[in-house]
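Undergrad: Sequences listed follow chains A and B, in order. The first sequence runs -9 to 239 under this note's numbering. The second sequence runs 3 to 319 under this note's numbering.
Accuracy of the hints is not assured; some may be wrong.
25 Å max Cα-Cα, derived DSS-like pairs, lysine-lysine [what the hints assert, rightly or not]:
hint	chain 1	residue 1	chain 2	residue 2
1	B	K58	B	K85
2	A	K135	B	K187
3	B	K313	A	K231
4	B	K144	A	K92
5	B	K85	B	K168
If the Cβ cut is set under 8 Å, some of the chain A residues that face chain B in the computed set are [claimed, not checked]:
hint	residue
6	E148
7	D150
8	E151
Quick caveat, the hints were computed from the structure, so don't treat them as lab data. C-beta atoms are modelled at their ideal positions from N, C-alpha and C, and glycine is treated no differently.
Okay, here's what each chain looks like letter by letter:
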Amino acid sequence: MKILVAVKRVIDYNVQIRVKEDGSGVVTDNVKMSTNPPDDNAIEEAVKIKEAGKASEIIAVTVGEEKAQETVRKALAVGADRGIHIKVDSVLEPLAVSKILKKIVEKENPDLVFMGKQAIDDDCNQTGQMLAAHLNWPQATFASKIEVKENSLEVTREVDEGLETIEVNTPAIVTCDLRLNEPRYASLPNIMKAKKKPIEQINASDLGVDTNPRIEHIKIEEPPKRKAGIKVASVEELVQKLKNEAKVI
Amino acid sequence: MSVLLIAEHNNKEVKSFTLNAITAASQIDQDLHVLLIGHNADDVAKSLSEVPLVKKVLHMDNEIYENYIAENYTSAILKHADKYSHIVCSANTFGKNLMPRIAALLDISQVSDIIKVIAPDTFLRPIYAGNAFATVKSNDDKKCITIRPTSFEAAETTGGSAEIEKVDAADKTENTKFVNREEIKSDRPELGTARIVISGGRGLQSGENFKLITDVADKLNAAIGASRAAVDAGYITNEHQVGQTGKVVVPDLYIAVGISGAIQHLAGMKESKVIVAINKDGEAPIFSVADYGLEADLFEALPQFLEELNKLNTIQK
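Extracted from the complex, chain B is given alone in its bound form (with noise of 0.2 Å):
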């Protein structure tokens, strides 16, 4: 049998994190074929088709798949289901809404947020935020998987010549309607995907001091983010967030500012590869994380911080 993958999209690009979920995928059996479920992308099922792990590409074109709705995804993947022993998608805010649905109709008990496949029905998946991992076994006859893309590598994304197969769209719901979208836009790099984040807390005390943290990321070229207590009193937007109920960052360098480390953010961000904490109290837990602790008032530690980024002519970009 094989896997199908439910690639997200835009309908003009592939989203990073379907290239992280392709590696994973890629793990459980190599036969590894791509729904796309879209309207006018041509373009997206020609750029999955070059992706060299994936082995063929189901196109589902027609105009009810202009918007996601996990409702219209569902009977579009149920159509193809019985062919494949594994469905899978990214554990991101798409595959979390859109997979349970699914599973729930093929009577599956769905395994979330996996970070490591040990063997085509074991997997390893963190629990309690990160604070335990459990290996699990599906038995299942059928598996439905999310998949934590940060856990995996991106895929290559050139050098395949899958073939793409067209195929008919199914049913459309009456009862969910696409109303809108505000997507922010930004030239800065992915907050998933970004390799420097530079996170603000609480200790900002204000939105406007957020532009602290903007200027610093300017000259790293970092992401944003945010712990919760930030998002909550409104200094910065809801995508910003990191953590248990936010967004899984791990980039090579992960710079916590006015943040003190709460459980819930500490699932969001510990496995970065190097973590800076800079916090005026020395007891805060996110220094028990940190591998290197400023304990300062990051009103000064920030300026300071920038000038001495300006003295160096070596960021990589």
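The shape of chain A in the complex, shown without the other chains (with noise of 0.2 Å):
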């Protein structure tokens, strides 16, 4: 059985944001970018599903600019046998990537494609679920639990409700929660084997997939502050207040 994970390489998670003066976006020069936390939950699941006998073979594919390729390359240091860079210049809607992740499932035919099921840039959580249906392959979405049965994965789910649990044939597409598994760090030792793996490149114009953007984006704010509160000096200093200026006990 073979994987393919998609990673996306976002600004890191710890790093607050800074909107640009000009209203176009936010700041991205000189902060420090990582791997989309949910997406190193895919690569690890789908290493731990290789360790485990299940699969042969694991490709990390991402679509992004030249340096995406280091999450590509830190997914090779975790486990990944090889990867794929989809080179693109400017940022992508969700609807691209799934049309261009298509295109490289025809080519390298996965039994199960996985990935983080939401990036922390965008917060858009439509990738997986389009490239489900542009293949029309099952979705299992918000994964905290995948067991791999014979020719089906039974995926848990997690809901608004608690949890669900679903059967989906394979070949099928599952985005993945932080709660699915524990990622690992890489090794130093496998950080260095990670540089002799190989990384194909291809240009997305090459791919003939209409990326064009169908969205405009005609501002970027930040949202209202909120005015300073206080600190309360008691607990019944804390009551008071709430009863009595904020009035909503």
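Since each chain sits alone in its own frame, please combine them into the complex, following the hints.
TA: Below you can see the structure in the form of structure tokens.
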């Protein structure tokens, strides 16, 4: 069984982002970048399945600018076998990314495609479901547990009401929740070894996919700031404030 | 053209977030139709028809819709999509799972999680865990939109009498099967719609200690939330998680206890009307968004808090 894992390079989750003054976007120059956190869970799960002897190959793929390769390299360092970097010059919408990934799936014929449930930059939560639609494959989103069966997966999904379990026949798309597993750190020897693993580079423009934006970003702005609060000295004061000032209890 | 809203329900009643989505959808276009896909859900159809903002209910009844499966819903929705300018639903796990599948098959770039309707093609949506707001304009002919329910009031549920039209079922997928759902039944208010939420974090140190939170929640008739750290540590189950990848809540009062206030948690609660933080670390980022901060050991503060609340007799249920 072959697993394709899609990863995205985003501003690190610990960075307090800054909005550009001209309203065109957020500051990315000299800002720490990392793999989108649930994409790390997607790689980890693929590696665990391979370690359990149920997968033969893991391919990590990313769609992004030149430096997005770092994200693939990191996936290789924790256990992916080879990488694919689809080069683009601009930020693509999930619809375009899903069309590109469809081309890669058709070329590689994986049995499973994993990715994070949501990217923490645009917070869209679309790409996995869209890829599943293009391929007419079943989708198991927000996975917190995956059990590999003969020709199917049993996936526990985190939903508003609690947990839901579904069974999807393979080939299938799974989008991963942060609670799926604990991503490992790459060891130094594995980081060195990863440098020798192949990364194939493909220009998105060579794939014959319409990647033109459909959504105009008119303005990016800072959200309204909360006005500064106060510190109270005691529980008694807190309760009095909540009752008499805020009038919420 | 009109707006088609996809209802979320459990075949017995409409889920409350659908009512918030109805309000948002009616701001896009007043000719609002609701598609109800279910099995033996006549009561749901009736209650949707009584929502004054709803102009028509399309009711698709078939045993294949006993449980919600995105693949089956998608083919059902696509049967009707060409008659509508907008297809919308709530941006909770229901809608997040469903809408991109529809959008992709219609070749539409979806606009996720809107918090304001500026024009029928222009919307405001948070990005970067709510640390920036983007004004976006969709240039697709048809729009697929998901709506952040807590940013819109729930629609009135009585006084309407929309027509209910029965429509035929669509194809069933053979590749996805529903197995089961573990729903945690609770008498408490729902986290997403509660007037008061009290949340615990890693500072609680154990699942047993969450009783301190529960006791206060009982007194205030509050919903119980948690930080991701508390859920990851197994103190409490996932449906309580508030944050960027959990639930977004906008209660009148949010009480954060033993929560440091990571960006990802703030994303889920910083629009609350009044925020209280109780934390022994005076430097914790949670204090930067709190209206009232109490720097204290939660194991002393929470029992005292309960005691003070017991002295008041005016708590609104």
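Undergrad: Would you mind marking each hint as holding or not holding in the structure?
TA: Now the hints, each set against the structure:
1. For the hint linking B/K58 to B/K85, the alpha-carbon distance of about 13 Å falls within 25 Å, and the restraint holds.
2. Under the criterion of a C-alpha separation no larger than 25 Å, the hint pairing A/K135 with B/K187 is consistent with the structure, at around 22 Å.
3. Straight-line distance between C-alpha atoms of B/K313 and A/K231 comes to about 14 Å, which keeps the hinted pair within the 25 Å bound.
4. About 23 Å separates the Cα atoms of B/K144 and A/K92, which keeps this hinted pair within 25 Å; it holds.
5. Distance hint between B/K85 and B/K168 is fulfilled; the C-alpha atoms sit about 16 Å from each other, no more than 25 Å.
6. Interface hint at A/E148: satisfied, since its Cβ lies 5 Å from the closest Cβ of chain B, which is below the 8 Å cut-off.
7. Taken as an interface hint, A/D150 checks out: its beta carbon lies about 5 Å from the nearest beta carbon of chain B, inside 8 Å.
8. Taking 8 Å as the C-beta cut-off, the interface hint given for A/E151 holds, the closest approach to chain B being about 5 Å.
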